[in-house]
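Novice: Please take these sequences and the hints and turn them into a complete structure.
Going line by line, the protein sequences match chains B and F. If you read the first sequence in my numbering, its first letter stands for residue 489, the second for the next number, and so on. If you read the second sequence in my numbering, its first letter stands for residue 463, the second for the next number, and so on.
Any given hint might turn out to be false.
Partial list, computed: chain B residues near chain F (C-beta under 8 Å) [to be verified]:
#, residue
1, A536
2, H572
3, L597
Not the full set, but computed from the structure, chain B residues with beta-carbon under 10 Å of chain F [as the list claims (entries may be wrong)]:
#, residue
4, F523
5, H533
6, H566
7, L567
8, D569
9, M592
10, E594
Hints in this document: simulated from the structure, not taken from any laboratory. Source: prediction; values computed, not measured. C-beta: ideal position from N, C-alpha, C; glycine also.
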Amino acid sequence: MNELLLGLADDELIIGWRDSEWTGIAPMLEEDVAFSSIAQNEIGHARAVYELLADDADALAFDRRLDEYRCAPLVELHLLDWGHTIARRWLYEAADEIRITALMEELPLAAKINREETYHRMHAEMWHERLRDEPHFRAAVGELWPYALGVVLPEQRAELSARVGLNETAAVERGTHTEALAPLLQEMTMVRRSAPAGAQW
Amino acid sequence: MVTAERVWAALEEIPDPEIPVVSLVDLGVIRSVDVSNGQVHVELTPTFLGCPALEMMKRALEEKVAELGAEAEVQVVNDDSWSTDKITAAGREKLRAAGFAPPAPRLVQLQSQVHRCPYCGSTETKLENLFGPTPCRSLRYCTSCRQPFEQFKTI
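Specialist: In structure tokens, the structure reads:
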């Protein structure tokens, strides 16, 4: 169970970080606002789950070695174009809904997270409606699909496959990492490493 | 002598840090107040988990209880007990009067998708952005009175 929760928290922290990279440079002002809010929510979810697992959520979030992170490779990828970014958000929200709702009976926090995710799903669906027939977007979904499968447990993959209308294939599994994670962790921990006693603002 | 009633009344004076027209009590985030032997125990549920106002709410709450001559122990409960249905009737009216469309009850909203302009009352409004200045708000536009407004999201 703790392994599952750590994976969930790491996914939310890392995708929240990736989402925040669009603040100020999204293709339209509305999306600067949307991605900032989504990032804030995702990182809030990560913190709440880390607090269940450890007394010091920051230490758990930032003081581990790279191989101790349990995030799915999907969230690590450094995506530089909007089509791929929306494709990832759409696939991630579909996978995340299956994983979160499966936890809701045991974990009241999961139900609270699920409430907030409703708006992330609406956002992803709006964009999916708009881009679904664009070749660039379809190619991005195809590229990211094996990564999306790695977000959920093997027994949840048939459901995810039906949800997004894609055939199951070999997943890029959680526990492996992409080359994008090391530079991201360097950036994420920069303040913490430069002020080990804790930064004062 | 500190009583639960006096604590509730004091908490009604603490404004929400991001939407100061409503108090923490209006917002429905105070789950319980217990007083025993001069010790005040308050349970607080955040609206959104990533809401940065939570720390400010905690601090304001401790200061307010200190003014009553007692010490507050604040426990943040991250369960699923808060939804926008917890916002009080008085709180909804204060939001509307300040130009924030109050969230419709969940049962209504999930079925009807009707959003009413807080200025003129028209339901001829359209979504401008699902997200707004804080996670709890969307941006809408009223095509009747041509006024943009903020909608408190129903969650």
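Novice: Taking the hints in turn, state whether each one holds.
Specialist: Cross-check of the supplied hints:
1. Among the interface hints, the one on A536/B holds; its C-beta lies about 5 Å from the nearest C-beta in chain F, closer than the 8 Å criterion.
2. Restraint check, H572/B versus chain F: the minimum CB separation of about 21 Å is more than 8 Å; hint violated.
3. Satisfaction of the interface hint for L597/B is found here, the shortest Cβ-Cβ separation to chain F being roughly 5 Å, below the 8 Å cut-off.
4. With 10 Å as the threshold, the beta carbon of F523/B comes within range of chain F, its nearest partner Cβ sitting at about 8 Å, so the hint holds.
5. Taken as an interface hint, H533/B checks out: its beta carbon lies about 6 Å from the nearest beta carbon of chain F, inside 10 Å.
6. Annotation: interface hint on H566/B violated; nearest CB of chain F at approximately 23 Å, more than 10 Å.
7. The interface hint given for L567/B is violated, since its Cβ lies 20 Å from the closest Cβ of chain F, which is over the 10 Å cut-off.
8. Because the closest C-beta pair between D569/B and chain F is about 21 Å apart, greater than 10 Å, the hint is violated.
9. Annotation: interface hint on M592/B holds; nearest CB of chain F at approximately 8 Å, less than 10 Å.
10. For E594/B, the shortest C-beta to C-beta distance to chain F is roughly 12 Å, which exceeds 10 Å, and the interface hint is violated.
Of the numbered hints listed earlier, those contradicted by the structure are 2, 6, 7, 8 and 10.
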